[in-house]
Amino acid sequence: MRDDLLVLARDLRVKFTTGVNAVNGVDFDLRQREVLCILGESGSGKSVTLRALMRLNPPTKTIMSGTLELGGRDVVQASENEMSDLRGPFVSMIFQEPMTALDPVFTIGRQITETILRHENISRRKARRRALELLELVQIPSAKRRLDAYPHELSGGLRQRAMIAIALSCRPKLLLADEPTTALDASVQIQILLLLREIQQELGMGMIFVTHDLGVAGEVADRIAVMYAGRFIEEGPVADLMRQPLHPYAKGLLGATVHEGSRGKRLTTIPGAPPDLRDLPGGCAFAPRCTEAEGACLAHLPELRTPVPDRAARCIHVDDRPAAFGERLAS
Amino acid sequence: MKNPILTLCGLGRRDEYFKGRATNRRSKKSILVSAVILGAGLLASAPLHAQTLRVGMTTSDVPTTGGIPDNGSEGGRFAGYPIFDALVNWDFTKTDQISDLTPGLATEWHIDPNDHKRWIFTLREGVRFHDGTAFKADDVIWNFDRHLNEAAPHFDKAQARSYRTYTSMVEKYEKIDDTHVALYTRVPFSMLPYLISRVFMVSPTQYAKIGNWQDFQKAPAGTGPFKVEKVTPRTSIELVRNDDYWDKTRVPKLKRLVLMPIPDANTRLAALRSGQVDWVEYPAPDSIPGLKASGFQIVTKPYPHVWAWHANNSDASPISDRRVRLALNYGLDRKSLVEMLGGTAIPARGPWPDSYKYFGRPSENYTYNPDKARALLKEAGYGPGGKTLKLKVQVPTAGSGNMVPLPMAEFVQQSYKELGIETEYTVVDWGTMLNTMRQRPDRPGAPHLDVVNHGLPISDPTQFFLNFHGSSAPPNGSNWSLYKNPKVDALLDKAFESFEPKERDELIAQAHALVVDDAPWVFVVHDLNPRALSPKVKGFKQAQSWYQDFTQVTVDE
Amino acid sequence: MLLYTLRRILYAVPIALAVSLVCFMLVHIAPGDPIDAILPPDASAETVALVRKDYGLDKPLPVQFGLWLAHVVQGDFGRSIANRRLVADELVSAASKTFILATTAASLGFVIGCILGGLAGAFRGTLIDRAAVSFAVGGVSVPHYWLGMVLVIIFSVTLGWLPSMSAGPGDWAWDWLHIRHLILPAITLSVIPAGLVTRTVRGVVVEILSQDFMTTLRGKGLRRLMLTVHVMKNAAPTALAVMGLQLGYLMGGSILVETVFAWPGTGMMLNQAIFQRDIPVLQGTTLVLAMIFVALNLLVDLIQTALDPRMRRT
Amino acid sequence: MTEIATVSSGLVAPRRILKPRRASYWRAVGRRLLRDRVTMVCLGILAVMALAMIFAPLLGLYDPLQGSMIRRLKPVGTPGHILGTDELGRDMLTRLIYGGRLSWFVGITPVAIAFVVGGALGITAGYAGGRINMAIMRITDVFYAFPSVLLAVAISGALGPGIGNAIIAMTMVFIPMMIRISESVTTSTRNLDYVEAARSTGASALTVVRVHVLPNVLGSIFVYATTLVSVSMILASGLSFIGLGVKPPEPEWGLMLNTLRTAIYTQPLLATLPGLGIFVTSLCFNMASDGLRAAMDVRA
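Protein chains in written order, with our numbering: chain A, 213 to 543; chain B, 252 to 808; chain C, 3 to 316; chain D, 3 to 302.
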């Protein structure tokens with residue numbers, strides 16, 4: 213196994229005790245410095261997948277299976293203590309709502325230092341100095357004063373920066389971001405994205421980024437995975453996927469989204485509703501909404517097909533041969 | 252002394268205060284727990300001496316301790332005679348008959364043969380107040396000034412009024428010499444000694460030292476067998492033995508007497524059962540079988556008390572018809588009521604129990620006779636074919652002498668229901684009821700009432716007078732019934748002017764017999780004054796009186 | 003914060019005034035002339051007139067209220083009609099006894115409630131949760147005066163471990179001799195706050211645990227102990243508020259328990275005053291208890307504000 | 003019907019849809035209730051008690067006021083007197099059922115009056131806002147400044163013992179509570195978009211309240227009122243217990259508890275029965291109102 217492999221997921225499944233099958237077999241790898249963007253509708257399982265990577269889904273209500281390794285450590289079998297050692301120094305997460313993701317009754321500084329003190333054997337003073345550096349790193353103005361501020365005293369953008377600072381506080385190798393810009397104003401969104409991208413490159417982290425905004429994905433991702441009903445239905449390099457989606461669902465999404473520059477505008481939606489995750493159909497989960505669906509779609513779950521190296525899609529209409537794909541492009 | 256280690260192991264003799272707490276020590280665990288509790292208790296508590304009697308009273312607060320005890324007779328029982336003496340005391344030694352008077356701070360008294368309004372009292376010599384000063388004739392005058400002389404600097408404005416019943420007959424008083432005083436009554440009145448038996452003598456010196464009656468209560472000085480050590484309002488009065496008590500036969504055997512007000516019957520019961528007190532007044536009748544079974548002593552004695560329906564004898568009420576009142580007296584199953592009361596009462600046939608010398612020879616004998624009752628009612632026009640007799644009755648919730656008024660009232664109600672009589676109760680607190688009884692039932696604007704249900708002392712002939720003499724209608728006396736029989740009035744007047752004991756007693760007995768036959772009230776039961784005592788309380792001989800003697804009591808270790 | 007404190011205190015002033023007006027009016031909603039409660043009915047007309055003047059009852063109501071208030075502010079609640087003692091003296095000793103009982107019961111209830119509620123919230127849906135919730139519902143449903151009787155039978159009469167009544171001999175002291183008297187009434191009285199605090203804390207903890215920031219905290223790798231600290235600090239304002247209010251309720255609501263245990267506090271005093279129609283005592287006790295409640299409310303508000311940074315800016 | 007859906011970039015992400023609670027909503031609540039076994043058991047117990055009390059005269063019970071000295075204080079399980087007899091020999095089962103009538107009556111009436119009066123005042127305050135709100139709420143604050151037991155005891159103490167006075171006193175305690183809750187619910191409903199919309203179309207205040215506000219707030223107010231029933235029952239029995247409520251010989255649980263107290267050492271089970279009655283009723287009311295609240299707490 214190569215040592216720059218941060219995440220290895222094979223047939224990862226997450227089921228909730230309520231009967232919801234949130235993640236139904238996800239396979240992917242992530243290497244250092246690589247940015248993967250998981251794209252999907254609400255309820256497609258992208259957030260659950262992300263949380264599963266840190267095993268943050270409610271422990272008593274979640275059943276995880278398959279293979280999941282972070283830096284070679286088995287996440288599915290690890291004890292809670294081993295997991296909590298991993299969280300922070302190896303992997304950390306930025307959440308969607310900076311308003312609710314920060315503890316309202318603790319200062320920003322305290323929330324950063326407690327993380328550092330948890331994982332590193334350094335003095336409180338040193339931890340505080342590091343916290344200050346981190347706030348400066350995420351470009352919070354008058355950082356020193358903000359250290360003693362409570363979350364509600366900061367604006368949304370600053371709060372998200374503070375959130376990022378907390379996530380970075382133990383210099384993780386892998387940063388997970390769960391729609392980190394959705395709750396922010398458009399002008400702030402782009403600043404945060406640029407900041408994230410910049411810091412990710414500066415620190416050489418791997419990053420998994422969840423969003424339902426294609427524009428955002430195009431901004432930051434190296435690769436994109438499109439998720440539907442708990443599965444990756446298409447995966448590939450960002451430029452290729454955006455230019456030429458393979459899966460009908462991905463096509464729909466792209467059709468429903470204009471490329472960069474028109475973010476936030478109301479667009480055509482894909483008719484129909486996502487499937488009930490409690491009772492998934494046997495075949496392709498998208499088939500009921502798919503204009504290209506045929507009988508075979510419902511018979512079996514389509515295999516992941518690889519028409520060109522580095523790209524894959526779960527649709528029977530996609531050729532599993534690079535050549536055929538090329539031919540179609542030509543015609 | 253006790254070995255603390257033994258005590259800690261739960262094996263040695265325990266401090267008196269903790270006695271009875273850990274009676275059930277069979278399991279090792281509870282021994283351990285109680286040992287811990289005891290250990291901690293011993294470390295922290297001030298040692299309480301042996302020979303302490305702790306009494307649970309029924310009063311809601313400690314009675315006032317300044318020599319004018321409130322809370323009725325129970326106040327006199329606990330904050331009166333144990334701490335103070337009057338010129339005339341009550342005799343507790345003859346327990347086989349209803350108590351009478353005995354010399355107190357006066358060794359002898361008599362009416363002036365030339366002036367039937369002038370009483371001469373010879374004072375006891377060598378008596379000292381608790382503060383060490385000697386008791387003198389001047390002190391008697393000073394004490395009467397406290398009650399009656401509004402011009403005196405120490406006139407007790409706040410409390411004197413409540414003792415008017417006892418003092419109002421006294422017109423003036425004077426010192427004759429150092430050992431004699433004279434009291435003048437407004438009219439010739441042979442019963443004066445009964446009245447002034449509640450006028451307690453307190454030390455003027457102690458009052459001068461303290462300066463006001465309010466604070467005097469915290470450290471009063473009387474001449475009684477016990478001295479006040481500490482008064483904690485609403486919690487306790489702590490008394491200690493007066494070793495110098497003038498009556499050497501009545502120097503207390505107890506070292507301490509602790510009096511606690513516990514108005515709630517069940518709380519009192521729990522306190523006795525858990526060993527927090529050694530003695531409770533008026534245990535609820537339903538608790539008596541259980542107490543007996545657990546080895547507690549239940550003492551009962553008749554005394555001049557009656558629990559009765561005071562009937563409105565004025566014209567407004569159907570009960571003014573004597574036949575109706577007789578029917579009510581014959582139609583009551585008193586035996587069953589006594590049974591319900593666990594034997595803490597005896598059936599009443601008149602205001603006084605028939606064992607009393609004043610009972611007389613009435614012609615009516617109120618046994619349970621429902622047929623006679625029905626016949627009497629029919630005669631009066633009630634019952635099947637006639638009107639329905641409906642009575643409005645006021646009942647107190649509690650109060651000294653009222654026993655357990657509500658269940659008893661319910662019993663009476665049921666009993667009469669069988670005769671076709673409808674009774675409607677208005678339940679009020681005792682104070683309200685006393686207020687009702689201080690006003691005429693026939694005054695304009697008074698709410699209609701046929702009966703007031705009240706248990707009360709008729710300790711002596713003066714009280715009989717206040718309840719049954721025609722001139723005693725409110726506000727002059729307690730004759731709420733407005734009962735008026737000229738014969739009774741004449742007999743009583745004559746008796747009160749008679750200074751010949753034999754003749755006097757006979758006149759009173761005749762008056763009593765007439766009252767029984769007239770039945771102005773429904774005589775229900777006489778209370779037997781029950782009290783429950785822990786098995787270790789010894790030597791108590793219950794007197795047939797509202798007051799009791801605590802000096803002969805001992806408490807076993 | 004300072005401004006808020008000032009405003010809050012200022013707002014308490016009219017409330018306190020209105021509360022004292024209600025206490026004052028208690029006498030006047032009672033049927034009949036208040037003088038009847040003070041004097042025996044056979045009192046002469048002059049006496050009635052005299053006493054009426056003494057008590058200021060001959061003046062119009064607003065003036066009477068003003069006079070009464072002026073006295074009360076100076077700590078003069080008049081004298082008890084029943085025993086002629088100064089109401090203020092009585093109140094000091096009774097209120098301190100009730101305060102001892104109420105604070106002990108409230109603290110006990112608070113500790114039990116926090117532990118049970120915290121456990122129930124943390125282990126939501128488990129057997130622990132169900133047991134704690136059952137306890138809480140039982141606690142608020144049980145007639146506590148009845149529970150008191152049952153406890154006395156078990157612990158005083160049958161086992162003989164603890165006294166069944168009173169606050170111990172003489173004046174109160176924090177020694178075992180007195181504390182043993184406190185145990186049963188305090189337990190009895192603590193059942194309601196324990197139930198309420200359990201419910202509240204459970205609700206708050208469930209709420210906090212479902213908050214996004216708990217995921218953040220877990221995502222930072224914090225251990226259980228640190229998580230607990232976060233939960234506690236978040237739950238504290240609510241829990242303390244409930245506790246503070248409960249203390250106030252217990253101060254005013256201990257009348258039944260005090261009656262059962264003959265605890266010489268304000269509850270027993272009130273009970274006696276009612277049945278003796280002792281108006282000065284009734285008025286004074288009600289007023290003092292209500293004022294304590296107003297003050298506690300104020301204090302709770304301020305503490306809550308101080309504890310919760312989100313509320314400080316208001 | 004107004005639907006407010008937040009639209010975010012790209013995909014439609016409906017957040018929370020707020021709409022007036024309609025029949026379908028109540029059906030859903032009903033279904034949830036039926037599924038909640040604990041609540042159903044509690045409601046069942048309460049229903050059985052209520053039926054027994056309503057039809058008490060038809061049950062062939064004894065006379066609740068007629069006793070007999072020969073059979074007084076018989077233990078639980080005596081033939082003919084399945085729950086024994088009280089201190090006057092009256093059948094305990096009969097007394098408990100008839101006593102329940104009064105206990106329930108004194109417990110529920112104040113809450114019911116407070117529900118109507120307090121609810122009306124609270125909704126008025128909440129909907130009208132401004133000075134009316136100010137006036138109503140400040141007066142409420144004053145009564146809120148009293149601990150509830152103290153207020154009830156003081157008022158009924160001043161008025162004197164009796165059922166009527168106890169009910170008045172307790173109503174005075176519960177009205178401010180009902181006002182507060184209904185005011186806050188109404189205020190928050192009033193600011194909901196669809197109510198604002200209805201108001202802006204010029205519908206009369208009464209119509210808006212009736213059509214848009216009431217259906218939304220009544221449920222919450224009602225649930226709150228049900229939680230008060232348990233408090234009220236305990237308080238009512240407590241007043242009777244210290245002699246301020248129901249007067250003898252009427253059977254009432256608090257009063258029965260008080261009069262049977264002294265028999266607790268001889269007939270412990272018998273003496274605890276009335277307390278148990280209060281306990282079970284108040285427990286069931288509490289659990290049922292919890293269940294009702296849970297069932298109504300459907301996040302749309």
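Source of the hints: derived by calculation from the structure; they are not laboratory data. Please note: incorrect hints may appear among the correct ones.
As the list claims (entries may be wrong) - DSS-like, lysine-lysine: derived pairs with alpha carbons at most 30 angstroms apart: (1) B:Lys789 x B:Lys481; (2) B:Lys408 x C:Lys61; (3) B:Lys735 x B:Lys753; (4) B:Lys387 x B:Lys504; (5) B:Lys423 x D:Lys76; (6) B:Lys668 x D:Lys76; (7) B:Lys506 x B:Lys789; (8) B:Lys469 x B:Lys408; (9) C:Lys55 x B:Lys408; (10) C:Lys61 x A:Lys338; (11) B:Lys629 x B:Lys735; (12) C:Lys235 x A:Lys356; (13) A:Lys273 x C:Lys235; (14) D:Lys76 x B:Lys586; (15) B:Lys387 x D:Lys76.
What the hints assert, rightly or not - So these bits of chain C aren't anywhere near chain A, every CB distance computed over 10 angstroms: (16) Ala14; (17) Ile156; (18) Gly221; (19) Asn236.
Claimed, not checked - Between beta-carbon pairs, the in silico distance windows are: (20) A:Leu492 x D:Ile47: 54 to 64 angstroms; (21) C:Leu19 x B:Gly696: 53 to 63 angstroms; (22) C:Glu209 x A:Thr229: 44 to 54 angstroms; (23) A:Ile402 x C:Glu209: 32 to 42 angstroms; (24) A:Ile334 x C:Glu209: 55 to 65 angstroms; (25) D:Ala114 x C:Pro62: 36 to 46 angstroms; (26) B:Ser614 x D:Leu271: 31 to 41 angstroms.
Every value quoted in this text rests on a predicted model; they were computed, and no experiment measured them. Even for Gly, the Cβ is constructed at its ideal location relative to N, Cα and C.
Results for each hint:
no. : hint                                    : result
1   : B:Lys789 x B:Lys481                     : 25 angstroms, holds
2   : B:Lys408 x C:Lys61                      : 24 angstroms, holds
3   : B:Lys735 x B:Lys753                     : 25 angstroms, holds
4   : B:Lys387 x B:Lys504                     : 27 angstroms, holds
5   : B:Lys423 x D:Lys76                      : 61 angstroms, violated
6   : B:Lys668 x D:Lys76                      : 23 angstroms, holds
7   : B:Lys506 x B:Lys789                     : 14 angstroms, holds
8   : B:Lys469 x B:Lys408                     : 18 angstroms, holds
9   : C:Lys55 x B:Lys408                      : 17 angstroms, holds
10  : C:Lys61 x A:Lys338                      : 74 angstroms, violated
11  : B:Lys629 x B:Lys735                     : 25 angstroms, holds
12  : C:Lys235 x A:Lys356                     : 24 angstroms, holds
13  : A:Lys273 x C:Lys235                     : 26 angstroms, holds
14  : D:Lys76 x B:Lys586                      : 19 angstroms, holds
15  : B:Lys387 x D:Lys76                      : 62 angstroms, violated
16  : Ala14                                   : 26 angstroms, holds
17  : Ile156                                  : 38 angstroms, holds
18  : Gly221                                  : 5 angstroms, violated
19  : Asn236                                  : 5 angstroms, violated
20  : A:Leu492 x D:Ile47: 54 to 64 angstroms  : 43 angstroms, violated
21  : C:Leu19 x B:Gly696: 53 to 63 angstroms  : 37 angstroms, violated
22  : C:Glu209 x A:Thr229: 44 to 54 angstroms : 21 angstroms, violated
23  : A:Ile402 x C:Glu209: 32 to 42 angstroms : 34 angstroms, holds
24  : A:Ile334 x C:Glu209: 55 to 65 angstroms : 34 angstroms, violated
25  : D:Ala114 x C:Pro62: 36 to 46 angstroms  : 38 angstroms, holds
26  : B:Ser614 x D:Leu271: 31 to 41 angstroms : 50 angstroms, violated
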